[in-house]
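A.B. asks: What follows is each chain in one-letter form.
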Amino acid sequence: MIADIVVSIFILIFSFVLFDQTKQYNYLSAVFPRFLLGLLMILSVVLLVRAIVLWKKRRVSAAGSISLKDFFYICLVAILSFLWVYVMDWVLGFLLGSIVFGIVIFAILAGRSLKAKQFVLFSLGYCAIVFIFWYTLGRLLRVPFPRGLFF
Amino acid sequence: MKVRVLVVLFALLALTFVLAEKYPSKPITYVICFAPGGESDITARLQQPYLEKILGVPIVITYKEGGGGAVGWTELVTRAKPDGYTIYGTNLPHTILQPLQGGVGYKTEQINNIYFFQSTPCVLAVRIDSPINTFEDFVKYAKEKGVVTLGGSGQPSANSFATVRLAKLTGLNIVYVPFSGSGTAVPALLGGHVDGLMTYTTMAVQYRDKMKVIAVASEKRLPWFPDVPTFRELGIDLVEKAYRGVAVPPGTPEDVKRVLEAAVKEVNNNPEFVAKMEEMGFVIENYDEAASAKLVSELMAYYKELWEETKGK
Amino acid sequence: MSGLQNLAYGFAQLFIVKTLLLMLGGVSVGLVIGSLPGLSATMGVALFLPITYWLSASDSLVFLGSLYMAAIYGGSFSAILLRTPGTPSNIGTTFDGYPMAKQGRGWEAILTATFASLYGALFGLIMFLIFAPMLARIALKFGPPEYFWLGIFGLTVISSLSRGNTLKGFIGGLIGVLLSTIGVAPVGGNVRFTFNMPQLIGGVGLIPALVGLFCIPQVIEMILNRSKQQLYQEAKVQRGLVRKTFVNVMKRQIDLLRASVIGFIIGVLPGAGGNIANLVAYSEAVRASKHPEKFGTGIPEGVIATEASNNAVVGGGFVPLMTLGVPGTPVDAILYGALLMQGLRPGVELFTTRADVVYTFIAGVILASLVMVPVGLAFGRGMAKLITKIPLSLLAPTILFLTMVGSYCVSNNISDVYMMLILGFLGFVLRKLGFEAGPITLGLILGPIIESGLVQGLLIGRQLTQPWLIFITRPLCWVFIVLSVFFLLWPVFLKKRIVVSGGEQK
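Chains as they are written, first to last, in my numbering: chain F, 1 to 151; chain Z, 152 to 464; chain G, 465 to 970.
Because the hints were derived from the structure by calculation, they are not lab data. Warning: the hint list may mix true and false statements.
Said to hold, decoys possible - Subject to a maximum C-alpha distance of 30 Å in a straight line, what follows is the list of computed DSSO-like cross-link-like pairs (lysine-lysine):
| no. | chain 1 | residue 1 | chain 2 | residue 2 |
| --- | --- | --- | --- | --- |
| 1 | Z | Lys455 | Z | Lys371 |
| 2 | F | Lys23 | Z | Lys371 |
| 3 | G | Lys853 | G | Lys896 |
| 4 | G | Lys566 | F | Lys115 |
| 5 | Z | Lys177 | Z | Lys232 |
| 6 | Z | Lys455 | Z | Lys408 |
| 7 | F | Lys115 | G | Lys758 |
| 8 | Z | Lys363 | Z | Lys408 |
| 9 | Z | Lys294 | Z | Lys361 |
| 10 | G | Lys692 | F | Lys117 |
| 11 | F | Lys69 | G | Lys853 |
| 12 | Z | Lys296 | G | Lys605 |
| 13 | Z | Lys319 | Z | Lys371 |
| 14 | G | Lys700 | F | Lys115 |
| 15 | Z | Lys204 | Z | Lys408 |
| 16 | G | Lys849 | F | Lys56 |
| 17 | G | Lys853 | F | Lys117 |
| 18 | G | Lys692 | F | Lys69 |
| 19 | Z | Lys294 | G | Lys605 |
| 20 | Z | Lys408 | Z | Lys232 |
| 21 | Z | Lys204 | Z | Lys177 |
| 22 | G | Lys605 | Z | Lys291 |
| 23 | G | Lys605 | Z | Lys363 |
| 24 | G | Lys896 | F | Lys69 |
| 25 | G | Lys754 | G | Lys566 |
| 26 | G | Lys605 | Z | Lys361 |
| 27 | F | Lys69 | G | Lys566 |
| 28 | F | Lys115 | G | Lys853 |
| 29 | F | Lys115 | G | Lys692 |
| 30 | F | Lys117 | G | Lys849 |
| 31 | Z | Lys258 | F | Lys23 |
| 32 | G | Lys758 | G | Lys715 |
| 33 | Z | Lys363 | Z | Lys296 |
| 34 | Z | Lys204 | G | Lys482 |
| 35 | Z | Lys416 | Z | Lys427 |
| 36 | Z | Lys455 | F | Lys23 |
| 37 | Z | Lys427 | G | Lys482 |
| 38 | G | Lys896 | G | Lys566 |
| 39 | Z | Lys258 | Z | Lys319 |
Working from the sequences, and respecting the hints, build out all of it.
C.D. replies: Shown next as structure tokens:
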């Protein structure tokens, strides 16, 4: 259970950092976070001790491991989705940004599992969904969506 | 060819200038920095039809909430286009207290208020069935009990500073209990969990059958409570209000500001609008851009002093 | 009997075509918004509030009330079919609803949710009509110290909620509470844990966090299965399943009643809503069950508990809203604004001075709950079919898009979208490490309640010799203290506790 040991040590360190932050706050703002962080530290120590005990017993759990290729895909989509929000906010705007990035992610995930014709059809469907949202929320209900540079 | 392109470009440029001169020519977005259905939204909605009539363009109300308004005001000074087509609702003392407190992305001076059109003075209220009827009763009660608790909205806020100042000026031991909004403090009073409320006129008017007002923190008596004395009449120099106004992004052209200023002022002179506002407990105020700036600088000095005094608490 | 007369008047009022259409519109909009992952009931009501300003008072309330009720119900669809709770009130529905869908019983789960929702909705509204003014007085007895203990009690639910590892459940819950302390302190006013980033000053919103923590791991699940057509196969629908499920649900009167009562009571308390009620009801169902180990594997009882309770909350939430003018849940706060906009002052006198509005409103929502069943079933059937048609490689970006819309529209703030993504990917890592999203969200919901209760209680307690004495000297507090201790020790009472891991076994 190495993961548990790492996690509990991480929580402990993080709690200490945050606890140190509370020193800048007034009593009323600090009392609850301190109480909370204290409790969190106690529980993570318990987790740490338990993980060490279990580790000595050598109980290996192999559940939930992800292959390197899958991991790469997850990271790629994660990066793309942050980029999506950023580009949508500053450059492309809601409508274009969502269409471009949505289809890019679709293309990456679909790979060769879909035929070109199917891919185009589904992409059009996706565009229609985005457009409906943009129109009903942005135009009819006046949600101030990110506009980007163009419109 | 090149000349022709240049001519066309110039013509286009000239056209945009002509269009820009005639402000407003397209819908104006009025951004409320609080949730829909709140007091800021309600006042803006009351203004909306009159503003539309005066300016001749649609007023689109949108919401940008978070951090007690700080999210919206940060956007106002950092991202909004200074073309007069986006205006923001602002609140005092929020825009003074938040930068004082630190951690927000705007400075008080950066907010270009063009009009403060209404205010809600603080009032001291107790439960309707309470034996306390006058401020003298309240002082007597506080002295007998040793400690009194007053609920209010937020901290730091107009409510919290009014309470702190009241305690300082009267020498009473008053504990201020902040709630997340003026509305959430009401059940605490009704349930008897706090002795009284330092709240705004809007709450006192809305809940007039559940609480009674024993003193008001305004310069003169208020129309809803003609029999209730002001703190000044009681010998306590306490005037504390929350103001609501309209601001434009920094760098907005002068003529645009004048148009908006005049429009808000005209709405304020509309008897129908005034009646609706007063029915809900708002006091109409008329601070144009210059007066607003003066008000802000006065209040800044006042709150800074109070802030320094109460910092340790 | 004037109440009944008024109610009859209210129903009569509904048969004006315009009102009926508005109700139907509210139900349909609510279903769409609720059932789409990422879009919540609060968002729906907030978005549609401004357009109701032009309607009459009762029309506006009927529309928003129908929307609210239907969104809470519609949230169960995405909870069941995609394991993404449509609204915070459907978190618990994912526990048993999704495993049912995985076994090919998605339609049965939707039917179960529908009938349980109807029961809860009607129960809550009828209780509102009978007990409203009386209950409002009891709700006032709840002061800060009581809220503090209520919040602590809510956290102890984790002990029966977290499957597998209770310790990690509690650590997750505390992480959630910690997340709730980011931003401006509710009492004290300091800006906390923002590391000087103005984007963080608004704190971690419940909806962005919920959307991120539940939807993003599901998107990742789809990335892992990207070449497949769907996550699970829906079994062929047997004939007469609708009637069979209806009978099965109605047979469980005690379960339905327990969940509805819990939902209603939690709804009455200002500050607590469906997000807490559904989890408390779920954990109560586990506790009362003869076979607690089966929960989480896909049994209808789990769905019944959460769905009956969250719809009962709606009626409960109207109690403080209409009688005291104190909105208890975020949606009720928006409805309060709607009332004010119409020039109505919520309070007991509203029942006498504007009884027409109150009773038309309640009658409208009752009728909406009934209409919601056929409309919802048609909609749910369509959605279940549609989801199996879309390849996972497209479903993933579509859900990603919806999560962005959902987290943005809550307060029109782009930093909420970043927050949602960060929490989502972090949530996936945490899930892999054994920290489930349920307890983290519960902590995030309860954090502000506990904190305000604690600090306000300490302030009020300054009247006593020792401020903290206020937490143990009030009788109502003891009710929650006893309940909390009992809940906390619950796993110890159980002799045998079989570890179940959400139907994930392959």
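A.B. asks: State for each hint whether it applies.
C.D. replies: Hint check:
For the suggested pair lysine 455 of chain Z and lysine 371 of chain Z, the alpha carbons sit about 25 Å apart, so the restraint of at most 30 Å is met. Restraint check: the Cα-Cα separation between lysine 23 of chain F and lysine 371 of chain Z comes to about 43 Å, which exceeds 30 Å; the hinted pair is violated. About 29 Å separates the Cα atoms of lysine 853 of chain G and lysine 896 of chain G, which keeps this hinted pair within 30 Å; it holds. Proximity of lysine 566 of chain G to lysine 115 of chain F is assessed by CA-CA distance (about 27 Å); at most 30 Å being required, the pair is judged to hold.
Of the supplied pair hints, the one linking lysine 177 of chain Z and lysine 232 of chain Z holds, its CA atoms being roughly 14 Å apart against a limit of 30 Å. The suggested pairing of lysine 455 of chain Z with lysine 408 of chain Z holds, with an alpha-carbon distance near 29 Å, which does not exceed 30 Å. As the CA atoms of lysine 115 of chain F and lysine 758 of chain G are separated by approximately 42 Å, the hinted pair breaks the 30 Å bound. Note on lysine 363 of chain Z and lysine 408 of chain Z: the hinted pairing is violated, with a Cα-Cα distance of about 41 Å set against a maximum of 30 Å.
Under the criterion of a C-alpha separation no larger than 30 Å, the hint pairing lysine 294 of chain Z with lysine 361 of chain Z is consistent with the structure, at around 25 Å. Using a Cα cut-off of 30 Å, the hinted pair lysine 692 of chain G and lysine 117 of chain F holds, with the two alpha carbons roughly 18 Å apart. Only pairs whose Cα atoms come within 30 Å are accepted, and lysine 69 of chain F paired with lysine 853 of chain G is accepted, the gap being roughly 26 Å. The suggested pairing of lysine 296 of chain Z with lysine 605 of chain G holds, with an alpha-carbon distance near 22 Å, which does not exceed 30 Å.
Annotation: proposed proximity of lysine 319 of chain Z to lysine 371 of chain Z holds, straight-line Cα distance about 22 Å (limit 30 Å). Pair hint lysine 700 of chain G plus lysine 115 of chain F holds up; C-alpha atoms about 28 Å apart against a cutoff of 30 Å. Between lysine 204 of chain Z and lysine 408 of chain Z the alpha-carbon distance is near 18 Å, which keeps this suggested pair within the 30 Å criterion. Annotation: proposed proximity of lysine 849 of chain G to lysine 56 of chain F is violated, straight-line Cα distance about 50 Å (limit 30 Å).
Between the alpha carbons of lysine 853 of chain G and lysine 117 of chain F the distance comes to roughly 16 Å, so the proposed pair stays at or under 30 Å and holds. For the hint linking lysine 692 of chain G to lysine 69 of chain F, the alpha-carbon distance of about 16 Å falls within 30 Å, and the restraint holds. Only pairs whose Cα atoms come within 30 Å are accepted, and lysine 294 of chain Z paired with lysine 605 of chain G is accepted, the gap being roughly 26 Å. Our distance criterion of 30 Å between C-alpha atoms is met by lysine 408 of chain Z and lysine 232 of chain Z, whose separation comes to about 14 Å.
A threshold of 30 Å between alpha carbons decides the hint, and for lysine 204 of chain Z with lysine 177 of chain Z the separation of about 14 Å falls inside it, so the pair holds. For the suggested pair lysine 605 of chain G and lysine 291 of chain Z, the alpha carbons sit about 26 Å apart, so the restraint of at most 30 Å is met. Under the criterion of a C-alpha separation no larger than 30 Å, the hint pairing lysine 605 of chain G with lysine 363 of chain Z is consistent with the structure, at around 20 Å. The hinted pair formed by lysine 896 of chain G and lysine 69 of chain F meets the criterion: a straight-line CA distance of about 17 Å does not exceed 30 Å.
Only pairs whose Cα atoms come within 30 Å are accepted, and lysine 754 of chain G paired with lysine 566 of chain G is accepted, the gap being roughly 24 Å. Simply put, lysine 605 of chain G and lysine 361 of chain Z have alpha-carbon atoms about 16 Å apart, close enough for the 30 Å limit, and the pair holds. For a cut-off of 30 Å, the pair hint linking lysine 69 of chain F to lysine 566 of chain G stands: about 25 Å separates their Cα positions. With a CA separation close to 15 Å, the supplied pair lysine 115 of chain F and lysine 853 of chain G stays within the 30 Å bound.
With a C-alpha separation of about 14 Å, the suggested pair lysine 115 of chain F and lysine 692 of chain G falls inside the 30 Å cut-off, and the hint holds. A distance of roughly 22 Å separates the Cα atoms of lysine 117 of chain F and lysine 849 of chain G; the hinted pair therefore holds under the 30 Å criterion. Straight-line distance between C-alpha atoms of lysine 258 of chain Z and lysine 23 of chain F comes to about 25 Å, which keeps the hinted pair within the 30 Å bound. Only pairs whose Cα atoms come within 30 Å are accepted, and lysine 758 of chain G paired with lysine 715 of chain G is accepted, the gap being roughly 19 Å.
In summary, the hint linking lysine 363 of chain Z to lysine 296 of chain Z is supported, as the alpha carbons are separated by about 20 Å, within the 30 Å threshold. Proximity of lysine 204 of chain Z to lysine 482 of chain G is assessed by CA-CA distance (about 29 Å); at most 30 Å being required, the pair is judged to hold. Of the supplied pair hints, the one linking lysine 416 of chain Z and lysine 427 of chain Z holds, its CA atoms being roughly 16 Å apart against a limit of 30 Å. With a C-alpha separation of about 22 Å, the suggested pairing of lysine 455 of chain Z with lysine 23 of chain F holds against the 30 Å cut-off.
Of the supplied pair hints, the one linking lysine 427 of chain Z and lysine 482 of chain G holds, its CA atoms being roughly 28 Å apart against a limit of 30 Å. Of the supplied pair hints, the one linking lysine 896 of chain G and lysine 566 of chain G holds, its CA atoms being roughly 20 Å apart against a limit of 30 Å. Between lysine 258 of chain Z and lysine 319 of chain Z, the direct Cα distance comes to roughly 29 Å. Compliance with the 30 Å bound is thereby established for this hinted pair.
Checked against the numbered hints given earlier, the structure breaks hints 2, 7, 8 and 16 and satisfies all the rest.
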